[in-house]
Amino acid sequence: MVVGDVTTGTEVLVIGAGPGGYVAAIRAAQEGLDTTLVEKDAYGGACLNRGCIPSKALITGSGLAHEAGNAEFMGVHADPAVDMGKMIEWKDGVVDRLTGGVEKLCKANGVNLIEGTASFVGEDTVRVAHGGDGQGSETLSFEHAVVATGSRPIQIPGFEFAEDHVWSSADALDADTVPDRLGIVGGGYIGMELATTYAKLGADVTVVEMLDDILDPYEDDVKRIVRERAAELGVEFNFGEGASEWSEAPDGGYLLHTETEDSEESTYGVDKILVAVGRQPVTDGLDVANAGIETDDRGFIETDDRTRTAVEHIHAVGDVAGDPMLAHAASNEGIVAAEVIAGEPAALDRQAVPAAVFTDPEIGTVGMTEAEAEDAGFDPVVGEMPFNASGRAMTTGHTEGFARIVADEETGFVLGGQIVGPEASELIAEVALAVEMGATLEDVAATVHTHPTLAEAVMEAAENARGQAIHTLNR
Amino acid sequence: MVVGDVTTGTEVLVIGAGPGGYVAAIRAAQEGLDTTLVEKDAYGGACLNRGCIPSKALITGSGLAHEAGNAEFMGVHADPAVDMGKMIEWKDGVVDRLTGGVEKLCKANGVNLIEGTASFVGEDTVRVAHGGDGQGSETLSFEHAVVATGSRPIQIPGFEFAEDHVWSSADALDADTVPDRLGIVGGGYIGMELATTYAKLGADVTVVEMLDDILDPYEDDVKRIVRERAAELGVEFNFGEGASEWSEAPDGGYLLHTETEDSEESTYGVDKILVAVGRQPVTDGLDVANAGIETDDRGFIETDDRTRTAVEHIHAVGDVAGDPMLAHAASNEGIVAAEVIAGEPAALDRQAVPAAVFTDPEIGTVGMTEAEAEDAGFDPVVGEMPFNASGRAMTTGHTEGFARIVADEETGFVLGGQIVGPEASELIAEVALAVEMGATLEDVAATVHTHPTLAEAVMEAAENARGQAIHTLNR
Amino acid sequence: DAEPDTPAGRTFAPPSARRLARELGVDVAAVDGSGPGGRVTEADVRAHAEGDAGAADAGGPDDGPEPRPAPTPTDTGSDGRKSAVSKRGADDGSADAPATPA
Ligand SMILES: Cc1cc2nc3c(=O)[nH]c(=O)nc-3n(C[C@H](O)[C@H](O)[C@H](O)COP(=O)(O)OP(=O)(O)OC[C@H]3O[C@@H](n4cnc5c(N)ncnc54)[C@H](O)[C@@H]3O)c2cc1C
Ligand SMILES: Cc1cc2nc3c(=O)[nH]c(=O)nc-3n(C[C@H](O)[C@H](O)[C@H](O)COP(=O)(O)OP(=O)(O)OC[C@H]3O[C@@H](n4cnc5c(N)ncnc54)[C@H](O)[C@@H]3O)c2cc1C
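Chains as they are written, first to last, in our numbering: chain U, 183 to 657; chain Z, 183 to 657; chain E, 266 to 367.
With the rest of the complex left out, here is chain U (with noise of 0.2 Å):
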């Protein structure tokens, strides 16, 4: 590092240390470049920190209440209690030694870190002002700069988060007594996950949600999976609301208010009321217009093929650069941001970026569906094994949903899948090495799968697609 009189230099300096940026800054140290991370509060960013782990945690601890509480039917009698301080206590500790890593791991790799706030002078230099009072800041300039600052809630007028009762997921990831009665708007991936795990920790939760269907961007049929489980667990669904306001109810607690299109209004009685509308990207106070980068209309800085943004020198990657907006497809920006700067051959050339949801059942899914390959131009072949045909899911008790792949008909080519089930989150990993590795139909059902398991349904998915599953009946 060059020190000057006023002014330190590095060679790239990476803003936040999320899943983008962390990752962006151990490969750059990685490629033998001399880096600097800058976080103004916590390693691990939104993913570790209040988002990923944390509701990951809370799903299993929820998970496993719930499920030894239902197993009579397999001859297990338990009558679980759950302690949520202690659940919180160790969510805590989880994330802790996470995050704990993440510092350890940019420091082991040689990435110089700075706790504080950037913001950009220049098109080469920021301002680190450092937190608390009397701290002061400092003036670093860079030759590459990659801004991974990320996103936030979105909050919606009249639910300001600093009321007691309105929660973001942040709020919902670390509260340590479940409401009575949960009230949450909007039926996304966050407001899903965590309306299974308060409903499996044994609140009456309702969802608002203004479409009318829950998940949007998945198919019909897996949400209609996700739904009906969801309801099972006694999760309300009133479609086609939108919260308009809340109030005091006489008898305590709180009303929510919704309307719909046509103005037909509804309240609901709720003890608290989280709001997860979606994310918007972290960039105020981040100055970007003095480097020269302009943000859309949304917020959200714009990037090309090799993660730069229209300041050359200057990339984005993660959140804040916009869709997908998850952790892995964060990460993967930032080695590909990483790699361009050391002058390396990589570029966001990804077939499909897998994602997950960690609802009951998972989702998972990768490329293309069978409507998104017509479009594209396919001639699609789809294949289809459900779990309750599976043998390894009737021992797992868990026989919802079904494991479906996409290919070309012509070549074969796998061009992605969608399951739904025990475990789909990680069994579209194989799904993802297919897609990615251009292999056919044929090259997954001749793999031999083990028996037995829930990826053999992704065997005789491809089978399936070909006409010639075992166990299940081809169309």
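Hints in this document: simulated from the structure, not taken from any laboratory.
Remember, it's a predicted structure, so these values are computed and weren't measured experimentally.
Accuracy of the hints is not assured; some may be wrong.
Residues from chain U that keep clear of chain E, each with C-beta distances beyond 12 Å, as calculated [as the list claims (entries may be wrong)]:
| id | residue |
| --- | --- |
| 1 | H312 |
| 2 | D395 |
| 3 | A413 |
| 4 | E443 |
| 5 | R461 |
| 6 | N472 |
| 7 | E476 |
| 8 | D478 |
| 9 | E624 |
| 10 | D625 |
| 11 | A627 |
Looking from chain Z toward chain U, a few residues come up when the C-beta cut is under 7 Å (computed) [said to hold, decoys possible]:
| id | residue |
| --- | --- |
| 12 | M269 |
| 13 | T578 |
| 14 | T629 |
| 15 | H633 |
| 16 | L655 |
Ideal placement from N, C-alpha and C gives every residue a C-beta, glycine not left out.
Fit chains Z and E with the ligands to the supplied structure of chain U, relying on the hints for placement.
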């Protein structure tokens, strides 16, 4: 079907309806061949009736009870009680649904089903003896045959399965009470799966094993993780000891007597003795010699890479044809047999057959170990990711084990993988596809993996092998 | 040529290429692979079978068919098979030169 005077004819005769036979029969029928399947006992063979499926059901039930009873650390308090009779009933229900499904699938694909015991009369004829008194027999002529008669547990002298307190694995999967003390002879995968199951159900389990460790074919570091966890669960290991006899104990129960190579004797007080020392092929009564087929000195039928025996139009698949004696290998061989008979260019050219052990944690392996790769003349490079560095593993509460990937240094081709840890049986599917496809480390590493999943560990292992893992320190 | 020697007579080829080789009566081990590390593709097998073993070689990764079917299915090469990575390598050095660190 050509019906003659006495003799019925069929194009393809399949003997035995286990995962080798029923799959062969269904595929042969799908190929348009007139196919007859003879089974003397129960559809689904050992696997569905007293192997893979029942064992996995009890592993789920006992695992859930144990997990729920040990989850205070995550705030879940439960004191589960197991109703073993009910668990067995559930298991039986799963088995019934699956075996019923196999029968239905056979019929739906047009397979002719015959119940009875087949034995060869000549090179193209069998006699089928129908079970029960006065049920008679019939003669069947065939153009092609597939022998899929499977295997049965090996008995050791002095331990007759007929004795009430001497269990075969089938008995252990059908017991409606949990013995207080269970002695297990044999620390192979069947012995270890049942040791884990019964330990979690509350039995005091003692394993006696002639070798000096469990799970003979696996690598030391893989074995160690499973052995130590089993010990934590209370399983006691006695290595280097062979079971010599049993006797009645003065105070009730039995004494299991063992002897070392040096004739040192020990005794263990037990209530039941499970003998799980391996499986032997079933060819007795089949009179293969009448068809001109010989068995090797262990009783297995030798086959070529098209599953053909010395008599070209008679194939043998599954356990009766020798290693690897796994259900999915049997099914794969069954498909190859049917396709070869149908004149298709099929062969047993699979690069690798994955295998799983459903202990706690699970093991999943495929292809070559580092040592095997070296022996084969490769210059192997190895990468690992420990699950205690995996965010997903932490959120499940299961962080034991690792994912390892073995590749050829020069070309990067993935040669194999060894995974021990949560869901290892599922995770190995992606590695199997990589091996089968001729994927490189870079292919696996560049495939975006969903966060947070256990499958990320496979990607990280690949990156680690390339010296650029993000979440572990590279060697 | 480019194909490295693989020990143990192992040929790296996906199942579909191996099966095609059997169908065409080609010894897959004798086929020159054009994929990464010498991986044998279906196109390589076909080229070999047509007695045109050089064709697959001559091409190399850059000249192969698109790694996946193009959105217009009609002009899709039916045998194109490349990994994400081979494509990534192949793409590069093109018009768009990557930035180099100072
Ligand atoms: C409840 C929930 C569950 C989720 N579950 C999943 C899931 O299961 N899987 C998945 O893939 N994704 C999930 N996500 C989304 C995932 O968290 C994000 O996609 C991911 O965190 C984006 O990573 P990032 O690096 O772009 O940004 P972030 O993780 O948001 O990190 C940005 C970092 O930059 C810092 N920062 C911002 N501005 C500055 C500045 N000016 N100076 C210094 N530092 C700054 C922030 O403090 C923050 O640490 C979930 C999100 C939520 C809310
Ligand atoms: C406890 C246990 C757990 C196991 N777990 C697993 C596991 O998790 N994964 C795995 O891959 N493998 C597992 N196995 C092994 C697996 O069960 C076998 O590899 C598999 O069943 C072999 O299939 P097969 O078709 O060759 O024979 P089998 O399943 O043994 O079927 C043979 C069939 O042939 C019939 N038969 C025999 N002789 C005749 C005759 N003369 N006429 C008519 N019918 C006849 C028998 O009745 C039987 O139904 C396990 C085995 C055991 C015992």
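Consistency of the hints with the structure:
Every C-beta of chain E lies more than 12 Å from that of U:H312, the closest at about 28 Å, which supports listing it as non-interface. The claim that U:D395 is not at the interface with chain E holds, since no C-beta of that chain comes within 12 Å of its own (minimum 29 Å). U:A413, annotated as away from the interface, keeps every beta carbon of chain E farther than 12 Å; the closest lies near 39 Å. The non-interface label for U:E443 is consistent with chain E: the shortest C-beta to C-beta separation is roughly 36 Å, beyond 12 Å.
Annotated as non-interface, U:R461 keeps its C-beta farther than 12 Å from every C-beta of chain E; the closest such distance is 28 Å. A cut-off of 12 Å between C-beta atoms confirms that U:N472 is not in contact with chain E; the least separation is 21 Å. The non-interface label for U:E476 is consistent with chain E: the shortest C-beta to C-beta separation is roughly 20 Å, beyond 12 Å. In this structure U:D478 is separated from chain E by more than 12 Å, as the shortest Cβ-Cβ distance comes to about 22 Å.
Distance check on U:E624: its Cβ comes as close as 4 Å (rounded) to a Cβ of chain E, failing to clear the 12 Å threshold; non-interface status is violated. A beta-carbon of chain E comes within 12 Å of the beta-carbon of U:D625; the shortest separation is about 5 Å. A Cβ of chain E approaches the Cβ of U:A627 within 12 Å, the least distance being about 8 Å, so the stated non-interface status is violated. The restraint placing Z:M269 at the interface with chain U holds, with a minimum CB-CB distance near 3 Å, inside the 7 Å limit.
Checking Z:T578 against chain U by beta carbon gives a least distance of about 5 Å; that is within 7 Å, so the hint holds. Proximity of Z:T629 to chain U holds as hinted, the smallest CB-CB distance being about 4 Å (cut-off 7 Å). Taken as an interface hint, Z:H633 checks out: its beta carbon lies about 4 Å from the nearest beta carbon of chain U, inside 7 Å. The interface hint given for Z:L655 holds, since its Cβ lies 6 Å from the closest Cβ of chain U, which is under the 7 Å cut-off.
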